Amino acid sequence: MALGAGRTQRISRWRWGVFGLLCVLGCVALAAICMGTVSISFSSVMQILWQRLLGGHLGGHEQSLNTHEIIVLELRGPRVLMAMLVGMALATAGATFQSMLRNPLADPYLLGISSGAACGAVIALMLGWPFLPLAAFVGALLSATVVVMIAHRNGSMHPHTLVLAGVVVNAFLASVIAVLITFSSAEATRGIVFWLMGNVSTQRLGVLGIIGVCVCGSIGLLFWKSRNLDLLAQGESVAKQLGLEVEGYKWFLLIVTSLLTGIAVAYNGLIGFVGLIIPHIGRFLFGSDNRLLIPVAALLGGIVMVVADTLARTIIAPSELPVGAITALAGGPFFLILLKRARHSFT
Amino acid sequence: MCRLKPIIRVEDVTFDHLRHRASGDTSLLDGLTFDVFRGEILGIIGPNGCGKSTLINLLSKVLTPDSGEIRVDAQPLATMKQNDVAQTIAVLPQEISISFHYSVEEMVLMGRAPYRNGLGWETSEDYDIAEEVLDLTCTTLFSGRQFLELSGGEKCRVLLARCMAQRPDVFLLDEPTANLDLQYQTRMLDMLVGFARKHQSAVCIVTHDLNLVGEYCDRVVALKDGNVFRAGSPAEVIREETIAEVYGAEVHIDTNPHSGAPHVFLKTKYH
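As they're listed, the protein sequences go chains A and B.
Just so you know, numbering that gives the first Met the number 0 puts the end of the first sequence at 346, numbered straight through with nothing missing.
Just so you know, numbering that gives the first Met the number 0 puts the end of the second sequence at 270, numbered straight through with nothing missing.
These are calculated hints, taken from the structure and not from any lab test.
Everything numeric in this text was worked out from a predicted model, so none of it was measured.
Heads up, a few of these hints could be off.
Unchecked claim - Listed next, with one range per pair, are the computed distances between beta-carbon atoms:
{"id": "1", "chain 1": "A", "residue 1": "VAL17", "chain 2": "B", "residue 2": "ASP217", "range": "49 to 55 Å"}
{"id": "2", "chain 1": "A", "residue 1": "GLY331", "chain 2": "B", "residue 2": "VAL250", "range": "45 to 51 Å"}
{"id": "3", "chain 1": "B", "residue 1": "GLU94", "chain 2": "A", "residue 2": "VAL23", "range": "57 to 63 Å"}
What the hints assert, rightly or not - In silico DSSO-like links for lysine-lysine, alpha-carbon gap of 27 Å or less:
{"id": "4", "chain 1": "A", "residue 1": "LYS339", "chain 2": "B", "residue 2": "LYS4"}
{"id": "5", "chain 1": "B", "residue 1": "LYS197", "chain 2": "B", "residue 2": "LYS154"}
{"id": "6", "chain 1": "B", "residue 1": "LYS4", "chain 2": "B", "residue 2": "LYS80"}
{"id": "7", "chain 1": "A", "residue 1": "LYS249", "chain 2": "B", "residue 2": "LYS80"}
{"id": "8", "chain 1": "B", "residue 1": "LYS197", "chain 2": "B", "residue 2": "LYS4"}
{"id": "9", "chain 1": "B", "residue 1": "LYS80", "chain 2": "B", "residue 2": "LYS266"}
Claimed, not checked - Computed, partial: chain B to chain A, Cβ under 7 Å:
{"id": "10", "residue": "GLY38"}
{"id": "11", "residue": "SER59"}
{"id": "12", "residue": "HIS100"}
Note that CB positions come from ideal geometry on N, CA and C, so glycine has one too.
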């Protein structure tokens with residue numbers, strides 16, 4: 000009887016959690032569009048979005064855009080959308096890595112997977128390949144495979160060991176990037192360095208659409224298979240004994256998370272700690288069940304990144320902070336707390 | 000009673016630890032052959048490192064034998080999907096290391112995962128089963144608590160409940176009583192034997208506790224050097240000569256006046 004109640008409770012928690020966070024995400028995004036060097040009132044933002052995106056065709060003639068419309072539709076709107084997508088991608092990848100590696104300290108940035116993506120992207124830049132995100136994806140996949148291979152060489156490993164492995168992968172890839180940069184022109188170098196610091200870039204709506212489909216599709220895939228993450232979090236042997244085809248599922252996870260990380264890094268550089276912190280907040284609020292945690296982490300990631308990016312471009316306006324610096328400032332102390340806790344629980 | 004069909008048939012299985020060192024096993028099975036019959040309680044004993052844990056991993060398809068074949072219900076294990084294996088064989092591990100908080104209820108519901116695909120939202124049937132097994136393992140009281148905060152014995156009972164939720168044909172128990180106190184050792188095994196008889200499931204108890212094997216098992220398989228050293232009823236296997244040969248330990252064996260089962264008495268140096 001008590002458990003039957005648990006079932007309905009769980010379902011309603013899922014609905015309200017996801018619905019509530021969706022509402023918060025929408026509000027935060029609209030507020031972020033209002034804020035900036037030129038502040039635009041909420042009602043005019045709504046009016047512009049309404050007219051241009053939904054009722055645009057009813058207006059008949061293509062009028063030229065006024066300043067506010069340009070800001071909303073071509074500058075801030077796409078940027079807020081991009082921040083949202085990056086946050087969603089990184090937080091979901093982080094939540095997945097934590098369950099897969101059974102490690103509360105796992106994060107695409109700390110494990111060196113973001114660096115792998117960056118390395119791939121830099122190589123593509125230097126060679127003049129047009130498919131930057133593809134190169135970033137391959138780079139992420141390679142470094143993720145290395146990290147997971149290290150992690151699984153000896154069954155269950157101490158979380159600190161994996162983080163050390165991540166530090167080494169990071170250091171190695173950072174020097175590869177450094178060497179590559181030495182061979183590029185001064186101007187290209189400045190671009191690369193700025194990009195590496197982590198900035199939410201502004202893209203055309205068409206590009207954003209493709210990114211959006213990829214990110215949401217990947218998150219959807221992870222969500223669809225999220226029950227298996229709970230089994231994998233029990234350890235590989237136990238997961239098999241509970242009916243999971245572990246090898247195939249691990250490859251699936253590696254490919255999808257690398258895609259998410261690769262896309263995030265290719266357009267926005269290295270943004271750390273989002274993938275570490277958000278899943279922990281999600282677990283604190285809604286528990287460890289990945290069927291709830293994956294969508295919750297995605298939405299929370301979107302919310303937090305939109306807030307962080309808005310801070311980055313308003314704190315010292317008219318100039319900008321790299322958003323990677325803001326997430327690291329908030330994430331560093333958080334990481335230390337987790338490190339201390341992990342030491343207590345793993346002896 | 001158990002000369003029915005074998006539910007598990009292990010034929011000439013060889014497993015070399017050197018090729019699988021990464022998994023942490025150091026044992027070696029060499030031409031191992033034995034059967035597990037439907038509905039029987041089977042004890043598997045043997046010295047440290049004789050391959051008992053490896054055997055559990057082989058039977059649950061966590062590891063694959065180098066040669067030889069394992070058949071489950073006449074079907075080769077190698078061709079079975081992991082899902083079907085999990086519906087047939089449930090393993091009670093000695094310990095489990097998880098890093099995140101799952102409630103006892105969530106842990107037990109994972110036992111229903113082999114029966115659900117996709118998102119695997121539990122049906123009300125799953126909740127009924129979870130409720131039943133929580134009740135049987137006396138864990139209903141803390142079904143809302145976090146698994147990681149439980150004591151060793153409580154964790155063991157929750158994991159046993161999860162095995163039972165899998166509704167398997169075979170239970171593989173790895174040292175089931177290691178973490179249980181005296182009261183729960185008998186309570187849990189009595190309960191499980193009753194449950195297994197009711198559902199026609201076989202129970203394999205892998206353990207060092209020979210007295211436990213003597214009390215509960217219909218049949219005992221003693222492993223030595225990667226092969227079956229002796230198999231038979233507890234009275235046939237738990238004898239002073241056999242124990243001396245398998246474990247290299249001198250013991251005195253008498254019968255339990257309460258049940259008539261063989262009982263092992265240690266011979267220590269200072270008495």
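Hint check:
1. VAL17/A with ASP217/B: 49 to 55 Å: Taking Cβ atoms as reference, VAL17/A and ASP217/B lie about 52 Å apart, which means the hint holds.
2. GLY331/A with VAL250/B: 45 to 51 Å: violated (60 Å)
3. GLU94/B with VAL23/A: 57 to 63 Å: violated (40 Å)
4. LYS339/A with LYS4/B: violated (55 Å)
5. LYS197/B with LYS154/B: This hinted pair holds, its Cα atoms lying about 25 Å apart.
6. LYS4/B with LYS80/B: holds (22 Å)
7. LYS249/A with LYS80/B: With Cα atoms ~17 Å apart, LYS249/A and LYS80/B stay inside 27 Å; holds.
8. LYS197/B with LYS4/B: holds (17 Å)
9. LYS80/B with LYS266/B: With a Cα-Cα distance of about 48 Å, the restraint between LYS80/B and LYS266/B is violated, given a limit of 27 Å.
10. GLY38: violated (21 Å)
11. SER59: Hint holds; SER59/B Cβ to chain A Cβ min 5 Å, cut 7 Å.
12. HIS100: holds (6 Å)
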